[in-house]
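Chemist: Below, each chain spelled out in residue letters.
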Amino acid sequence: MFGKRCNRKANDARTYMPSAWGRGDAGYVYYHSLLAPKVANDVLAPLLDDGNDLAFDYGIWGYACRLKTGGTSWSVHSWGAAIDTNTLRNPFGQTWWNGKGSTGQRFGRAIPNAYMAQDFYWGINFSDPMHFQYVSGY
Amino acid sequence: MLLSRKNVYLLSAVVVCAATLWTVMPSRGQADAPQSGCAGDPQKEDLASGEGTVAVSNEEIVVIGSKRDGCMYQRTAARGSLLRHVSVSPGQGTAYIEDRASSDSVVAITAAGTTRFAAEGEATHPAWSSDGRLAWVEDFKTMKLAVPGETRVAELEAPRSATGMFSPVFVGRRLVAVAQEPVTRNVLTEDDVLNNLYSADASGNWERLTDFEVTGDGWSAIRTPVTTPAGDLLFVRIHGNYTETRVPKFELWMVSGGEARMIRRLPTEMYLAGFRQGRLLWNVYSRTCGDWEILVEDPDQGLRHVGCGAVMVDPVNLGDADMEVEQHAAPAGESTSAAPGSDAPLAVVIGDFTSRERAAVVAELVRDSSVLNHRAAPAAVRPGAFVVAVRIDGDPSAALAEVRRTVPAFKDRTFLAPVAKLGR
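Residue numbers (numbering that gives the first Met the number 0), protein chains in the order written: chain A, 0 to 137; chain B, 0 to 423.
Check the hints yourself; a few may be wrong.
Unchecked claim - Derived, one-sided and incomplete: chain B residues facing chain A with beta-carbon distance under 7 angstroms: (1) 165; (2) 189; (3) 200; (4) 218; (5) 241; (6) 283; (7) 345; (8) 395; (9) 396; (10) 398; (11) 417.
Treat the hints as calculated values from the structure; they're not laboratory data. Glycine residues also receive a C-beta, built at the ideal position from the N, C-alpha and C atoms.
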């Protein structure tokens, strides 16, 4: 569905997000063009529209052409088919979701619920709570 | 590149019993009865001898390049599990990983029989020492060391400065591993950003062997370290910039005489697979095999086909046994349709521009376009900037391509973005 890894289509879409680059430091998050309607309009925009912009915390990452840790498999981010969010509070290896936003306010599972409602697979199933991907088994 | 210390490989005179120096843990190794399939047949003898080239192909352990070329030893042990990461050592045996949905097993086949070590998590990359010890890493954090057929399993934690480690390899009596080092505000991700090689002495003290660094959006990974017949260390280094949309660089490196140096650039994505009669073996993905292909480096003929199969690389056609598989989408599929989404406005945007006037000049070149700022489209453009927005009727990818054809000078600054005005 997403074609070759690390190609241009993998980061052809972008959304301006709060706390993308740092706590309270907004920036563009890039991802695959095929996911643009879903990520931009069905996941992120409604969250922002509902006043949940403070639910986002450092950092939010999309496209990244890299290998998975320790292996020869490519990260799903290499296809632009995954978004990492609130990474500082939800690092790889953690088995639970920290729902605190950029001000410390608790937002529960607002962000995970928004992704999963759109058929994203949550990385918490493999100890990567920051990670939401539109493929599974990888 | 110089090593942090010289002469780290002058180790052959150091003979230490590892069990007394690394923490000895209760036994988890169990000697198994021979498996069905090839039990007692010549193929098992091949594996126990550690001779030849052994790989995983079509979920089977295969011996390649002998008179029993390509024959199967053992099928995947159970539904939902995978075989991966094969290591052979002449005179010692063969080891590989059974990757299961929960805890993996490290399987060692020696002349004394088959030993199965139950891992506490994800086990990777078994490696043999010349004296018959086996090392592997669990959950990319803890090194385990054991002697097949014996009951003790020793542990060695990752270097203090590392966030993880993997791919152990013995260089003499010294143990070398790849360490994952933190670079991004100490946030650990599923991906590798910076790797360096570390070497442990018999007391378990680590010292850094390489000095790779990254800045900005750079990343640098180390894969498939192998020991040469002469006792040097070869590895593949992959590096690039993660925001770029091009294949990163692949390079062959060597650590020898206390110094790490690049041997050559590699023409494609390829990983080391050991040695065969003193010649270097490679794993390269091949459409011919529909899987990893094993190639031998011939000084006269270049790379020659040896067989199909994965040695130290991960399977490319199979998901991870630890991950639930759904069928609704896959990265390597053929469909070109967009993922289903709402009908909320999505636009092709060109930008950013620093002023409305600059954006308007470009908007003149594109039919049905308008200039928007953050107030008008907060999810599409940052505060203080302007974009040219082109509403989409139909396929977003086709619309994007059309705009890029219309204003090619801005093709690298043209994206799909949501332009719905948010409610607040």
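Chemist: Would you mind marking each hint as holding or not holding in the structure?
Modeler: Verification of the supplied hints:
1. Taking 7 angstroms as the C-beta cut-off, the interface hint given for residue 165/B holds, the closest approach to chain A being about 4 angstroms.
2. The closest approach between the C-beta of residue 189/B and any C-beta of chain A is roughly 5 angstroms, which is under the 7 angstroms cut-off, so the hint is satisfied.
3. At about 23 angstroms, the closest approach between the beta carbon of residue 200/B and any beta carbon in chain A exceeds 7 angstroms, and the interface hint on this residue is violated.
4. Residue-level restraint check for residue 218/B holds (minimum Cβ-Cβ distance to chain A is 5 angstroms; threshold 7 angstroms).
5. Taking 7 angstroms as the C-beta contact cut-off toward chain A, the hint placing residue 241/B at the interface holds, the least distance being around 4 angstroms.
6. Residue-level restraint check for residue 283/B is violated (minimum Cβ-Cβ distance to chain A is 11 angstroms; threshold 7 angstroms).
7. Checking residue 345/B against chain A: minimum C-beta separation of about 6 angstroms stays under 7 angstroms; hint holds.
8. Because the closest C-beta pair between residue 395/B and chain A is about 6 angstroms apart, less than 7 angstroms, the hint holds.
9. Using the Cβ-Cβ criterion of 7 angstroms, the hint placing residue 396/B at the interface with chain A is satisfied: the shortest such distance is roughly 5 angstroms.
10. At about 10 angstroms, the closest approach between the beta carbon of residue 398/B and any beta carbon in chain A exceeds 7 angstroms, and the interface hint on this residue is violated.
11. Given the 7 angstroms rule on beta carbons, the hint for residue 417/B holds: about 4 angstroms separates it from the nearest Cβ of chain A.
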